[in-house]
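Taking the hints into account, I'd like the entire structure generated from these sequences.
There are 2 protein chains.
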Amino acid sequence: MTPFPIRIVLVDSSHPGNIGAVARAMKNMGLRHLHLVRPREFPHAEATARASGADDVLAAAVVCDSVGAALEGCGLVLATTSRGRDHYHRVFDVREAAQRAVAEAASAPVALLFGAERTGLTNDDLRNAHGLLRIPTSDEYASLNLAMAVQVVSYELLRASREVTPPPLLRTQPLASAQQMDLLYEHLQVVLNDIDFRDRTQSGVNLITRIRAFLQRAELDINEVNILRGILSAVQQRRRRAGEQHS
Amino acid sequence: MTPFPIRIVLVDSSHPGNIGAVARAMKNMGLRHLHLVRPREFPHAEATARASGADDVLAAAVVCDSVGAALEGCGLVLATTSRGRDHYHRVFDVREAAQRAVAEAASAPVALLFGAERTGLTNDDLRNAHGLLRIPTSDEYASLNLAMAVQVVSYELLRASREVTPPPLLRTQPLASAQQMDLLYEHLQVVLNDIDFRDRTQSGVNLITRIRAFLQRAELDINEVNILRGILSAVQQRRRRAGEQHS
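Line order of the protein sequences matches chains Z and D.
Using this note's numbering, you'd call the opening residue of the first sequence number 1 and step up by one each time.
Using this note's numbering, you'd call the opening residue of the second sequence number 1001 and step up by one each time.
If a hint is listed, it holds; no wrong ones were tucked in.
Which stretches of chain D does chain Z cover? Using the computed rule of at least three CB atoms under 8 Å from a CB of chain Z, they are:
hint, segment
1, 1028–1038
2, 1046–1056
3, 1136–1142
4, 1153–1163
5, 1206–1212
Quick caveat, the hints were computed from the structure, so don't treat them as lab data.
Cβ coordinates follow ideal geometry from the N, Cα and C atoms, glycine included.
Right under this line is the structure:
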């Protein structure tokens, strides 16, 4: 994937460990462009340690002395703030913000601002923002760790940048056909009659119908159907043999 | 908000800092129930430091010596694995998984498993899982930090809990517990031995493991487990009676 031109801008970060964790969170989600405005300590061994396999993102980080410098060349600017809203800015939910950011990044780099761990972004930091980005949290404890906030934002950016669909079940065998499943249920019915099995749950629903319900959910492949039919045959053979001996 | 009964289960975590960060990530998103299976170091000063305002979640964490103990009382079990998929489990995207987990948590506690930092979850840890939970990542660097993975999952859980989502499966009965499923597999093993059943597909994979795979996918409720155990008991009784007559 070509790294999309979205810039993560950390303003006045005080913990170098967080900077490293941010680099890793970004790279995990396909982001590469990290800008650091007045980091208190950088470079730093703890940043490198926490970056883990994202040391390249850390090494390429651009250190700036003002927010304005970090925004150079950017179009859309969104600011993450725990205050949630003010009187001036539109507030975007992080999911909607990510979709907007990815769309805007097609025409110019997008900047996402994150403030200092304790104090967040100042009003002056917000002056170039087009809107605020809000991550939903529990009312009881709303303050996300800085790197965690970047992780959630980066995750939504990755999702927005691709259609996320879970992979289908990894099969080595094709799904059993409707006919094969019907034969399985017929076989099962014969064996249930043989062993004189009665459903004692008294739900009023036919037993095979109930078994069918959960075996259809399991989406059996051909081998799996063969295992079940093999077990049914083994039950029949044992009974037959026992019957022969006793007759 | 009432904390919803979703359990975060960390298996074999090696870094106490991660445990603290997990507690904070959870509380930020309204989760409270943390279970630690064989943590290498806990309690620990670094865990407390990183937990920040979530020291209550950390203090209430339940330490267990097995995954089975951590799953006690749970219904749906999903496992987070970076391997993404295997041949047995259905894979849920984290967003879909969160919706399912919130829906299922209405009837019984849900457990979400997270493996050790370097090695992830073992096949044995996965045996009670109904499915795998996948967080989308960049192909270039897919390995999320443990606490970051919990953050993303917890974030999606919070979102899911605030959305109205229809339950995926209309259940009249609760999902069978991990223990009830284990008893079913043990019963099945006894009957397979009784009827001297041999797997002829020669896949090299243990037969019960293969049956477990598709029955876990089926997400059986308590009644469905009772139907299967009833059939197994009927097979045993018939054999016993036949044996008595012929001896």
